[in-house]
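There are 4 protein chains.
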Amino acid sequence: MTSLTDMPLNRSEILAMVGELFTEQMPFNKVLGLKVTQYQADVVEVRFAMKKDLLGNPVQNILHGGVTASVLDVVGGLAAIASVTDKFDGASAKTLAEKFGKMGTIDMRVDYLRPGRGNEFVATAAIIRAGNKVAVTRMELHNENGDHIAFGTGTYLVG
Amino acid sequence: MTSLTDMPLNRSEILAMVGELFTEQMPFNKVLGLKVTQYQADVVEVRFAMKKDLLGNPVQNILHGGVTASVLDVVGGLAAIASVTDKFDGASAKTLAEKFGKMGTIDMRVDYLRPGRGNEFVATAAIIRAGNKVAVTRMELHNENGDHIAFGTGTYLVG
Amino acid sequence: MTSLTDMPLNRSEILAMVGELFTEQMPFNKVLGLKVTQYQADVVEVRFAMKKDLLGNPVQNILHGGVTASVLDVVGGLAAIASVTDKFDGASAKTLAEKFGKMGTIDMRVDYLRPGRGNEFVATAAIIRAGNKVAVTRMELHNENGDHIAFGTGTYLVG
Amino acid sequence: MTSLTDMPLNRSEILAMVGELFTEQMPFNKVLGLKVTQYQADVVEVRFAMKKDLLGNPVQNILHGGVTASVLDVVGGLAAIASVTDKFDGASAKTLAEKFGKMGTIDMRVDYLRPGRGNEFVATAAIIRAGNKVAVTRMELHNENGDHIAFGTGTYLVG
Numbered sequence: 001m002t003s004l005t006d007m008p009l010n011r012s013e014i015l016a017m018v019g020e021l022f023t024e025q026m027p028f029n030k031v032l033g034l035k036v037t038q039y040q041a042d043v044v045e046v047r048f049a050m051k052k053d054l055l056g057n058p059v060q061n062i063l064h065g066g067v068t069a070s071v072l073d074v075v076g077g078l079a080a081i082a083s084v085t086d087k088f089d090g091a092s093a094k095t096l097a098e099k100f101g102k103m104g105t106i107d108m109r110v111d112y113l114r115p116g117r118g119n120e121f122v123a124t125a126a127i128i129r130a131g132n133k134v135a136v137t138r139m140e141l142h143n144e145n146g147d148h149i150a151f152g153t154g155t156y157l158v159g
Numbered sequence: 001m002t003s004l005t006d007m008p009l010n011r012s013e014i015l016a017m018v019g020e021l022f023t024e025q026m027p028f029n030k031v032l033g034l035k036v037t038q039y040q041a042d043v044v045e046v047r048f049a050m051k052k053d054l055l056g057n058p059v060q061n062i063l064h065g066g067v068t069a070s071v072l073d074v075v076g077g078l079a080a081i082a083s084v085t086d087k088f089d090g091a092s093a094k095t096l097a098e099k100f101g102k103m104g105t106i107d108m109r110v111d112y113l114r115p116g117r118g119n120e121f122v123a124t125a126a127i128i129r130a131g132n133k134v135a136v137t138r139m140e141l142h143n144e145n146g147d148h149i150a151f152g153t154g155t156y157l158v159g
Numbered sequence: 001m002t003s004l005t006d007m008p009l010n011r012s013e014i015l016a017m018v019g020e021l022f023t024e025q026m027p028f029n030k031v032l033g034l035k036v037t038q039y040q041a042d043v044v045e046v047r048f049a050m051k052k053d054l055l056g057n058p059v060q061n062i063l064h065g066g067v068t069a070s071v072l073d074v075v076g077g078l079a080a081i082a083s084v085t086d087k088f089d090g091a092s093a094k095t096l097a098e099k100f101g102k103m104g105t106i107d108m109r110v111d112y113l114r115p116g117r118g119n120e121f122v123a124t125a126a127i128i129r130a131g132n133k134v135a136v137t138r139m140e141l142h143n144e145n146g147d148h149i150a151f152g153t154g155t156y157l158v159g
Numbered sequence: 001m002t003s004l005t006d007m008p009l010n011r012s013e014i015l016a017m018v019g020e021l022f023t024e025q026m027p028f029n030k031v032l033g034l035k036v037t038q039y040q041a042d043v044v045e046v047r048f049a050m051k052k053d054l055l056g057n058p059v060q061n062i063l064h065g066g067v068t069a070s071v072l073d074v075v076g077g078l079a080a081i082a083s084v085t086d087k088f089d090g091a092s093a094k095t096l097a098e099k100f101g102k103m104g105t106i107d108m109r110v111d112y113l114r115p116g117r118g119n120e121f122v123a124t125a126a127i128i129r130a131g132n133k134v135a136v137t138r139m140e141l142h143n144e145n146g147d148h149i150a151f152g153t154g155t156y157l158v159g
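Residue numbers (this note's numbering), protein chains in the order written: chain A, 1 to 159; chain B, 1 to 159; chain C, 1 to 159; chain D, 1 to 159.
By construction, these hints were calculated from the structure, which means they are not laboratory data. Be careful, since some hints might not be right.
[To be verified] Result set (DSS-like, lysine-lysine): computed pairs, CA atoms no more than 30 Å apart in a straight line: (1) A:K133 x D:K51; (2) C:K30 x D:K87; (3) B:K87 x C:K52; (4) D:K30 x C:K52; (5) A:K30 x B:K133; (6) A:K35 x B:K133; (7) B:K51 x A:K99; (8) C:K30 x D:K94; (9) D:K87 x C:K35; (10) A:K51 x B:K51; (11) C:K51 x D:K87; (12) C:K99 x D:K87; (13) B:K133 x C:K52; (14) C:K51 x B:K102; (15) C:K94 x D:K99; (16) C:K30 x D:K133; (17) C:K87 x B:K102; (18) A:K133 x D:K133; (19) A:K52 x A:K87; (20) D:K30 x A:K94; (21) D:K99 x A:K87; (22) A:K35 x B:K51; (23) D:K102 x A:K87; (24) B:K102 x C:K102; (25) B:K94 x B:K52; (26) B:K35 x A:K87; (27) A:K52 x B:K94; (28) C:K52 x D:K102; (29) C:K35 x D:K133; (30) A:K30 x B:K99; (31) A:K51 x B:K87; (32) D:K102 x C:K102.
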């Protein structure tokens, strides 16, 4: 009998699986309250709401710089994974889990542009270098007013 | 009557105040469980224990990359602040709060060297460029076995 | 008698002076063959032609990565200087020389996207963080076909 | 008949070949005047002499920041190549040329610590992450007095 994890998945099922994995299975992403609100081959968006736990400066209500870095790493990682999912069309969840287990951030730069004030934050990412082994992404963080809070650049191992 | 926040502080009192501020007053540092275990003019050490909330990969018990980035930013920031505290000798808590409020991370690079496995993690930082306006620091994260998990480089506005 | 270097300059005269300084007075920029082809408050463009001396790989006719880094640093620096020239309106060449002497690159990241092939290259820069002390810029390098060769991010001391 | 480029090379012959390639075959390295003065599996040193062509600031005799970036990229690249040469033991020059043609810098960060003054400069590099696909290196530039001029961090595609 074929187990569920052996069934072939198409690209959009793979992306749905990865989005769910990031939101539901990664404890620190739950602490941050991250929601993957858009996730297709070339559109990635992650949102989260301000809450007390995420503050670095509680007097001025400013997001901790580590939260910004964390979210940029997450959204860049999602884009990097998406950039190679076309190669995985028809793979099983089991195979994919193995592939994804070898992926990871190699390095990341964060540029802090202005204090992280706001009620809701939106992180997006775009691929600037796609490859079989390495993907490079640029990420941005804005608040609900469109204020640009940070830029990121990340290099990810993808194969 | 002179209020407590107007009393002059010497350098070691200032460092004690900053260490306490980072550990006790910054909500996200409490979420991470950070302890400032050493903090003098040129030695900074931050420690934290592994716990489920900090995992990125709960199957393999690996720290979330955002936790690594967060802690490196914190320990680098502490070093950057320490690098200018000699100028603040004799300043009051009120004056210092104002000065520190203008400091912040400009940019940071994180290099992930190996998976973040371990029970306790130790982050350290050293100043590589000291200035009146900008300080640049290099940071490291190790686990309790001395495995080197990540390097960081951070540029901080300090004046 | 007022010397030429004491005469007040307006913003567009300052930019013309800086552009000329970069093109004519900096020996390494002459080695690279850099031309400042556009330089206003918020538009900066530097061009250079391919030549044998700039090759890293002479078999495949690919630009040396150091040439790419050099040009991105130059164009980012020009943008950083432009971002503070409004403060210098009416200053003399002598005063400006002193101000510019204190400016410099703090750190830079270069992302290499594809091999540097082409006959002519165009570097551009935009400010992402403007400040009295520090400016952060993003830079791009394209060839004459619009192929995107590299991205850069630079942090500059400007005051 | 076996051509010269088909003969098997051992590791030290490979390193000698690569060192010679960087010094003699790369035009821009000749412009910079780079000499590979040490090159073994885990020691890499590149030296060059000050000369007018390398100046950014000819009034103060300061190296152009692009020269610094270029040299750091070169010495980091040499270290990255060395980190995978054990896999190539016994390969021919022809095979190696093919392998090396696929290697390259993915991204690099340069931290400028102090003005590049001096008569002779020494660049060194060390591997901080070794892998089959990607190597990460840290680089340093000093002058002949041991003044530390710049740090670098580079990520290289090596397989």
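Going down the list of hints, with the structure as the test:
This hinted pair does not check out: A:K133 and D:K51 have alpha carbons roughly 40 Å apart, beyond 30 Å. Using a Cα cut-off of 30 Å, the hinted pair C:K30 and D:K87 is violated, with the two alpha carbons roughly 42 Å apart. Under the criterion of a C-alpha separation no larger than 30 Å, the hint pairing B:K87 with C:K52 is inconsistent with the structure, at around 52 Å. Of the pairs offered as hints, the one joining D:K30 and C:K52 holds, with about 11 Å between alpha carbons and a cut-off of 30 Å not exceeded.
As the CA atoms of A:K30 and B:K133 are separated by approximately 37 Å, the hinted pair breaks the 30 Å bound. Annotation: proposed proximity of A:K35 to B:K133 is violated, straight-line Cα distance about 38 Å (limit 30 Å). Annotation: proposed proximity of B:K51 to A:K99 holds, straight-line Cα distance about 26 Å (limit 30 Å). Distance hint between C:K30 and D:K94 is unfulfilled; the C-alpha atoms sit about 37 Å from each other, more than 30 Å.
For the hint pairing D:K87 with C:K35, the CA-to-CA distance comes to about 44 Å; that exceeds 30 Å, so the pair is violated. For the proposed pair A:K51 and B:K51, the alpha carbon gap of about 21 Å is at most 30 Å, so the pair holds. With a C-alpha separation of about 35 Å, the suggested pairing of C:K51 with D:K87 is violated against the 30 Å cut-off. For the suggested pair C:K99 and D:K87, the alpha carbons sit about 52 Å apart, so the restraint of at most 30 Å is broken.
The straight-line distance between the Cα atoms of B:K133 and C:K52 is roughly 41 Å, outside the 30 Å bound, and the hint therefore fails. A threshold of 30 Å between alpha carbons decides the hint, and for C:K51 with B:K102 the separation of about 47 Å lies outside it, so the pair is violated. About 53 Å separates the Cα atoms of C:K94 and D:K99, which puts this hinted pair outside 30 Å; it is violated. Restraint check for C:K30 and D:K133: not satisfied, since their Cα atoms lie roughly 37 Å apart, outside the 30 Å limit.
Taking the CA atoms of C:K87 and B:K102, the gap is about 21 Å. The hint holds against a cut of 30 Å. For the proposed pair A:K133 and D:K133, the alpha carbon gap of about 7 Å is at most 30 Å, so the pair holds. Only pairs whose Cα atoms come within 30 Å are accepted, and A:K52 paired with A:K87 is rejected, the gap being roughly 41 Å. Of the pairs offered as hints, the one joining D:K30 and A:K94 is violated, with about 52 Å between alpha carbons and a cut-off of 30 Å exceeded.
Straight-line distance between C-alpha atoms of D:K99 and A:K87 comes to about 24 Å, which keeps the hinted pair within the 30 Å bound. This hinted pair checks out: A:K35 and B:K51 have alpha carbons roughly 22 Å apart, not beyond 30 Å. A hinted pair counts as satisfied when its Cα atoms are at most 30 Å apart, and D:K102 with A:K87 qualifies at roughly 21 Å. Taking the CA atoms of B:K102 and C:K102, the gap is about 22 Å. The hint holds against a cut of 30 Å.
As the CA atoms of B:K94 and B:K52 are separated by approximately 38 Å, the hinted pair breaks the 30 Å bound. A C-alpha spacing of about 44 Å is found between B:K35 and A:K87, which places the hinted pair above 30 Å, so the restraint is violated. Between A:K52 and B:K94 the CA atoms are separated by roughly 24 Å; this keeps the pair inside 30 Å, and the hint holds. Only pairs whose Cα atoms come within 30 Å are accepted, and C:K52 paired with D:K102 is accepted, the gap being roughly 21 Å.
With a C-alpha separation of about 38 Å, the suggested pairing of C:K35 with D:K133 is violated against the 30 Å cut-off. A hinted pair counts as satisfied when its Cα atoms are at most 30 Å apart, and A:K30 with B:K99 does not qualify at roughly 34 Å. Taking the CA atoms of A:K51 and B:K87, the gap is near 35 Å; set against the 30 Å cutoff, the hint is violated. Restraint check for D:K102 and C:K102: not satisfied, since their Cα atoms lie roughly 41 Å apart, outside the 30 Å limit.
The structure fails hints 1, 2, 3, 5, 6, 8, 9, 11, 12, 13, 14, 15, 16, 19, 20, 25, 26, 29, 30, 31, 32 (numbered hints given earlier, in ascending order).
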